[in-house]
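Asker: Read off the chains here:
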Amino acid sequence: MIGASSIRKEGRAKVLGTAIYTDDKFMSGALHGLTVRSEVPRGILRAIHFGEGIPWEEFTLVTAADIPGTNLVASVVDDQPFLVGIGEEITHSQQAVLLLAHADRHLAEKARRAVRLEIEELPAVLDIQSSLDLQPLIYGTSNLLKEIRIAKGDPDPIWAQAAHVIEGEYRTGAQEQMYIEPNAMLSVVEPKDGLLQVTVWGSLQCPYYVHGALKQLFGLPEKQVRVVAMEMGGAFGGKEDYPSVNGGHAALLAWKSGKPVRLIYDREEDLACTTKRHPSRTRLRTAFDADGNLLALEADFILDGGAYATLSPVVLSRGAVHAAGVYRCPHVRIHARAVATNTPPPGAFRGFGAPQSLFAMERHMDRCARKLGLDAVELRRKNFLRMGDTMATGQVIREDLDLAGLMDRALASIGYRDKRAAFALINEDDSPIKRGVGFSVFMHGCGFTGNGESHVASVAGVEGLADGTVAVLAASTEMGQGKNTVFAQIVAEALQLHVELVDTAPVDTDHVPNSGPTVASRSTMMVGRILEDAAIGFKQALVQQGFLAEPYTPESFQAAVAKAVATLGTLRCYGQYHRPPNIQWDDVTYQGDAYPTYSWACYAAEVAVDLDTFEVKVADFVAVQEVGRVVNPTLAAGQIEGGVAQGIGWGLWEEVTMQRGRMINNQMTNYIIPTSVDLPRIQVIFLENAHAGGPGGAKGIGELPMDGPAPAVVNALENALGALRLDEVPMTPDRLLERCEEVSHG
Amino acid sequence: MADRIDLSLKINGADHSVSVHPFARLLDVLREELRLTGTKEGCGEGECGACSVLLNGRVVNSCLVPAVQAQGAEVVTVEGLAEGENLSSLQAAFLVHNGAQCGFCTPGMLVSATDLIHRCPNPSDDEIRDGLAGNLCRCTGYAKILDAVHTAAEREAAR
Chain A
1 MIGASSIRKE GRAKVLGTAI YTDDKFMSGA LHGLTVRSEV PRGILRAIHF
51 GEGIPWEEFT LVTAADIPGT NLVASVVDDQ PFLVGIGEEI THSQQAVLLL
101 AHADRHLAEK ARRAVRLEIE ELPAVLDIQS SLDLQPLIYG TSNLLKEIRI
151 AKGDPDPIWA QAAHVIEGEY RTGAQEQMYI EPNAMLSVVE PKDGLLQVTV
201 WGSLQCPYYV HGALKQLFGL PEKQVRVVAM EMGGAFGGKE DYPSVNGGHA
251 ALLAWKSGKP VRLIYDREED LACTTKRHPS RTRLRTAFDA DGNLLALEAD
301 FILDGGAYAT LSPVVLSRGA VHAAGVYRCP HVRIHARAVA TNTPPPGAFR
351 GFGAPQSLFA MERHMDRCAR KLGLDAVELR RKNFLRMGDT MATGQVIRED
401 LDLAGLMDRA LASIGYRDKR AAFALINEDD SPIKRGVGFS VFMHGCGFTG
451 NGESHVASVA GVEGLADGTV AVLAASTEMG QGKNTVFAQI VAEALQLHVE
501 LVDTAPVDTD HVPNSGPTVA SRSTMMVGRI LEDAAIGFKQ ALVQQGFLAE
551 PYTPESFQAA VAKAVATLGT LRCYGQYHRP PNIQWDDVTY QGDAYPTYSW
601 ACYAAEVAVD LDTFEVKVAD FVAVQEVGRV VNPTLAAGQI EGGVAQGIGW
651 GLWEEVTMQR GRMINNQMTN YIIPTSVDLP RIQVIFLENA HAGGPGGAKG
701 IGELPMDGPA PAVVNALENA LGALRLDEVP MTPDRLLERC EEVSHG
Chain B
1 MADRIDLSLK INGADHSVSV HPFARLLDVL REELRLTGTK EGCGEGECGA
51 CSVLLNGRVV NSCLVPAVQA QGAEVVTVEG LAEGENLSSL QAAFLVHNGA
101 QCGFCTPGML VSATDLIHRC PNPSDDEIRD GLAGNLCRCT GYAKILDAVH
151 TAAEREAAR
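Chains as they are written, first to last, in our numbering: chain A, 1 to 746; chain B, 1 to 159.
Errors might be hidden in some of the hints.
[As the list claims (entries may be wrong)] Here chain B is said to cover these stretches of chain A; the calculated rule only asks that three of the stretch's residues, wherever they fall, bring their Cβ under 8 Å from a Cβ of chain B:
#, stretch
1, 226-235
2, 634-642
3, 675-689
In short, the hints are calculated from the structure, not lab data.
No residue lacks a Cβ here, since even glycine has one placed at the ideal position from N, Cα and C.
Based on the provided sequences and hints, a complete structural model is requested.
Answerer: Below, the structure written as structure tokens:
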């Protein structure tokens, strides 16, 4: 059970091609929905003109004026309209203005192109600096979507006293999640028992987010809204917040037409209008004593939050908490801001702000080592957090933390010392190929930041079925990460059953409780822990009611469940999240336990740079991590390998090119993700250290592998090429050429 | 221009006659007319390979094949890989090695890998990488897919 590489529960359907994704669900008489969007970044919508030659009377059309409830997408801040109405402000180039639907997909597309929007353009803010400069003011009174300050000690007196003060500025670009299944929704809105019933089936990570958004959009009570998560072709955060928007759009068309409506984005639309990773700018200032001990750290961390708040406040929060990295430092000041721009709003993407701030910190540590004349390994070793140390938020490390052990293991596995020595010689040759090896050390907070878990107060449960098997009741969704399998293993372990006797109930808000969103590396650790409690409660109930006697065999347990169901009918047992008493957090001061625990890692990369083409090949990669106890080693390794691939892509190739606030490389042809020929085999090593708060000792894993690859690869580039201005990702061939020319031209 | 055109083709061994939109793609015939939804659309421009099928024995992106060009053709989709209830060696190996995570690239990946093993019965890592370079996967980093193809190739060789 826990610790075994159980086979993926839904794997058979996936390899047979019989797994049903949203676009695979047939619905008789369904219309095809499409969205008409603004093409300018900012302006006032004056009119919608319907072109000639289209049988408009056959179309279902929805504008802002049709919306029955509140025209605001339910989110952290309710600031984003589903549709912009006449006379209202357009705030980005992909703003939805009109929805249309028709039975003929080809005619619907023709109609979309025949709509002309009359927009009075206004000056737009398209980058971080213009937003900070209020050129012009576009959001609230300050262009700030969120501002956070974290303080520990007082860095100010330190700068003058310290032997060394080192500053740096680092930037990271937007990144597309590029799930292979584009965003997809299907909706039916019809009366049931005299009441309007809104149903959405979709590719979505968080059924209860969409449920909440639909309630607000239609002004309906909970019972009249139903959301069903279909099989999902990848998400990575890209289907966390956006489905509240396109789910609402599909439902509006279904409501207005009285027919089923499919709203399936094609790739170009998906890339242009859905959420991405937030672009960032981080300025760091660090003070060291003569021996290289870190004395003070100041971080100015800024995210480009786009036109609406979406999840920017919480992405910023995670990024800010991770900004000081894995180092002990007595004086820390972190100032974090998410600024508004007239660009399509970014949102959740695996790592959620942490990859941005950790890229800055881990690049900065290598640059500091160079400036201090110290080895990057020894500088880190000297400053690592250890048990009993205090992080920037005042959180005390209570676990037996051995970052030096993680680092040494990763460096030994990649042959760091030997390669450094060998490459120093080889790189003096005339060959255009230069080699380097580098690494990063980092952590990822497990579960929501701060009081997030307390606010959601997740519920999950187990249900006995008539055949004596057990179903998991949770709104957590399967996006490929292995939730179905891992939950079954956790419940099977708690009940001492074969994993075959436990499966997942369909994720349908009519049937499963709100176990919270499927995000934040929280499903295994947080929901899994609730399921463990629920399973034990379920077993105790069976014993107390006289259906089960301990000790039992899996067979006698199954017989007991079948008998209990036959006798009592429905048989469910739920558990709920309760904040452990030793976890304290203050939302106002940003002091306390930012996370119940962290996963820790050291990643090492070897690169080969071709100075004729400036292409970079990642020749070897080692990922060593401590994620508590590993529930399913094969699935866990898959998470790490996939996350590393995404992280390398972000570090080297994946560039979102914007022009007038619009992504112009919105095709798979020119937004480049890694293919099978671009990646080495990734060595994955787990150092297990059971965490008392997680089910069977497990911690979170999903996002961790996104945090480390980009700084490891860029640190390796510096080793290959010497001190260049390697301060930004993606470090594409163009950018690398530019950085090399800066040096050769002085 | 005719509203619909008639098309006959053999899919996974069975004969089909369908009437389709003149601009329909082979992918639309499979998914919409025949409801063989195992074949997926990820990009519609021949980049991702999720819609890969065998057309007269060769791997094609079915999103780039006009349906009219498939007149009289033999097509194999992911639904045609298993023998009844028995998974093919590749399907079984993908299951065991976790070669399918979200599963959306899997049908196309399996079709391309089937063709690869047919052409190259004992492929190296690099030969598999080359053979599957037209099939994008965002979940796995490809390692588990390489493992699965090796296992399947070994099992096929032993038969």
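Asker: State for each hint whether it applies.
Answerer: Now the hints, each set against the structure:
no. : hint    : in the structure
1   : 226-235 : holds (count 5)
2   : 634-642 : holds (count 6)
3   : 675-689 : holds (count 6)
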